[in-house]
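One line per chain: the protein sequences are R and C, in this order. Start counting the first sequence at 0; every next residue gets the next number (numbering that gives the first Met the number 0). Start counting the second sequence at 0; every next residue gets the next number (numbering that gives the first Met the number 0).
Please keep in mind that the hints were generated in silico from the structure rather than gathered at the bench. Hints are all accurate, no fakes.
Note that identical chains are pooled: a pair holds if it fits in a single copy or bridges any two copies.
Pairs of lysine-lysine residues, derived as DSS-like cross-links and limited to a Cα-Cα distance of at most 27 Å, are as follows:
1) K51 x K229
2) K138 x K70
3) K305 x K22
4) K218 x K305
5) K210 x K313
6) K1 x K330
7) K210 x K350
8) K188 x K229
9) K139 x K284
2 protein chains.
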Amino acid sequence: MKTYSIAKSRRLRSTPYTSRIEKQGVTAYSVYNHMLLPAAFGSSEDSYKHLKEHVQVWDVAGERQVEISGKDSAKLVQLMTCRDLSKSKIGRCYYCPIIDDKAGLINDPVILKLGEERWWISIADSDVILFAKGLAIGKKFDVNIFEPNVDILAVQGPKSLKLMEKIFGKKITEMKFFGFDYFEFAGAKHLIARSGWSKQGGYEIYVENTKSGLSLYDKLFEIGKEFEVKPGCPNLIERIESALLSYGNDMDNDDNPFECGLDKYVHLDTEVNFLGKEKLKEVRKKGITRKLMGVIIEAKGINVSKSINLINEKNSKIGELRSGVYSPHFKKVIGIAMLDKPYCKVSQKIKISINDDVFEGKVCDLPFI
Amino acid sequence: MKTYSIAKSRRLRSTPYTSRIEKQGVTAYSVYNHMLLPAAFGSSEDSYKHLKEHVQVWDVAGERQVEISGKDSAKLVQLMTCRDLSKSKIGRCYYCPIIDDKAGLINDPVILKLGEERWWISIADSDVILFAKGLAIGKKFDVNIFEPNVDILAVQGPKSLKLMEKIFGKKITEMKFFGFDYFEFAGAKHLIARSGWSKQGGYEIYVENTKSGLSLYDKLFEIGKEFEVKPGCPNLIERIESALLSYGNDMDNDDNPFECGLDKYVHLDTEVNFLGKEKLKEVRKKGITRKLMGVIIEAKGINVSKSINLINEKNSKIGELRSGVYSPHFKKVIGIAMLDKPYCKVSQKIKISINDDVFEGKVCDLPFI
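Pulled out of the complex, with its shape left as it was, chain R reads as follows:
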C-alpha cells in the first residue's frame, strides 16, 4: 500500500518525548487528541512479537487528561458515564463509557479518582473537555475543568514489572490492576497506574514534571537493556487479538454501549443520575439490533482505513468491518465488526471483498485470545 507523509504543525501537538522517539526510529504517526501518537517503529509484526516477550516504553501522551475538581465534580463525572461511580475509591482507575443524552458513545476513557473532589478523565480520541465544559456551564456546576500538562509514558510487556521494580522497588509490583499510587523519581512524584493499552501487563506513568519524566524515560532505556527494552506504541495486532476496543475505530457516537458489548459498565438499576439512562432502559427493553463481534477471515493481509462491508451468502450486507489486521498467531486476518443481530452467532459464515477479491470468514466471540 502506498504511504503518505504526515504534515506536522503546532496543531498536531508534539509530546515531550517526540524528539526522543524520532531518534529511536519511529516511522509512522497517528493523531490522537490533536497530538502526535507514534504508530510504528518499523515492522508492526516484529514489534508485536517483541511486546509479547519483552518490554516496551510507549509515548502515549496523546491520552490527554481532563481534570475536573470542585464541589460538584463527582456529580458531573457521574452524569457523563453510565457506570455507577458512587462506590468508587481514591487510588483506583475505572474504565467508563461516556455517553450523551441519546446514549451514543462519546468516549471510553479510564477515569482516575484522585480525591473526593478531584478526577482525571484519561481520554480516547475526542474532546471530552468540551462536553464537560458545556454540561458544567449549562448546569451551573461548581467545578474547575482544564487539561493539565500530563504526558503519559506506558511501560508494557511481560518484563515491565521487573523493569519497573528495578527503578521503583518491590512496592510497584504489588499494586493491583487498575490501582495507582505515587512514586518518586529524580526529585518528582509521579502518579503510576497498573494499566495500559495492551494485555501484556504493565504500567502507565502520568508524567507531570517533564524534566523528571524525561530523565525517567532515559533511565527506563538504560536499566531496560537487560530486559531487551525497545520503544514501541499501541500495537494493532496485539490490541485486536486482545479486543481492546478503539473509540473512533470500532465504535463511535452512532453506537450505544450495549451494541459495543460494554454491558458490564452499564448500571441502569442504580440510583445514580447519568445522561442517556432512560434511552438505555428503552434499548435494554427492546433489545439491540446489532453488536460488535470478532471475525476471522481467510486472507493474508488487510488495511482497514474505513468500514468495509461484510456480506452473507446472498451478497446482502450484514455488517461492517471496522478494524482488522493479519494475525501471526492465527495466520489469518482477524477483525472487529458491527454485525446485524441475526448474524451475531459464533461460526456464522461471512464474506468480504478486499482489493476486489472476495474472502470467506466466520464470526467469533471477542476477545480472540
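Chain C: place on chain R using the hints.
Then chain C, alone, in the frame of chain R:
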C-alpha cells in the same frame, strides 16, 4: 527534514474524495476533525504559485458541519459566539469566534444561517458538537444537534469564478462574498458559498449528495482543463501571507479573541447573551498583555511543528512563533507569533533560534499582503 508516514485507520476518517486525490498525487496528509485533510501535492511552493494564478479543487471535507436546529437553536448558537448574530440573515455566512465562559477560544468557524431555526457551524479542528451538546443538555434547550454528511469541496484561485460559471451559469458569479445559495448539478441541489480558506477568491460546495458531488468533482477537472485546474489543499504559504488564522496553530483555548486580533467580531456593547461576555469586558477594561502579530525573519526556511521562542536583544523571551514558512514573495520566512504587548510594535527587532542558528527578524502588522 525527515518525514514520517501517517498510519491510516477508520478513526482518521477518509472522505468521499480520498480515493480520487490519491490517484491525483496527494503526498501528505494532516488530520482535521478526525478526518484526513490533504496537506501537499508535491511542492508546496509550486502549489502556491499555481493557486495564485489558476484554479484548484480542494478536498476540505474535514471542515465538518455541526447542524443545530429547533426552537432554541438561535439562542444556543448565539450563546457560543461573541459575535452578535441578532441581525443575521438566511443565506449568509458569518465568521464567529466560539469561546467558553472564561473567554478562551474553542473554535473559529464560519456559521451558515440556513433558516430561522436551522444553522450549520462549519468548524475548525475541535469537537464543537460536544460543546454544543453539553450546553444544550445542561440548559434544557429544545434543539437537535448532529453532524450531517456534508463533505466540502473548495474551488479556489483567480480562475475559480470562470470555472464555476461554466458549470453553474452567470448567477454564481453574482453571489457576494460570504453569501450562499443552492445550485443544481446531476440531479441534486448543492449549497454553494462564496468563501474558502485562501484569499485568492472562490467557492465552497457543501456536498450532501455524495454521488452528485463526485460527478461534480470529475466535472470540475474535465471543464477546468482550459483554466489549468489542479488538485490542491489549503496552502501554508498563501494562508500565512494572507494571515488566515488557523485554530490550534495560531491560537487555542488559552487565548482570547482580543489577543488574536479578532476585535471586530467581539460585540460586548449589545443586548445579546453569550458565554465569556463579562470576562471579555474585564479584558477590555484591563487591556491585553500579548497579541498575535506578524514576524519577518531573515532566514531561508523553517518548519514549525511546535511553538518556537522569540527573544529580544537581551535574550529574554518576548513571545512565541506559532506558524511560519518561507515566503517566495518576501524571499524571507514569515510567521504568526503571540508577542508580549510591549513588543507588539511594527519594526520591533526580534531574534529566533532555528536548528541551533540564530536569525534576526522584525515585527509587522497582519496580514503581510
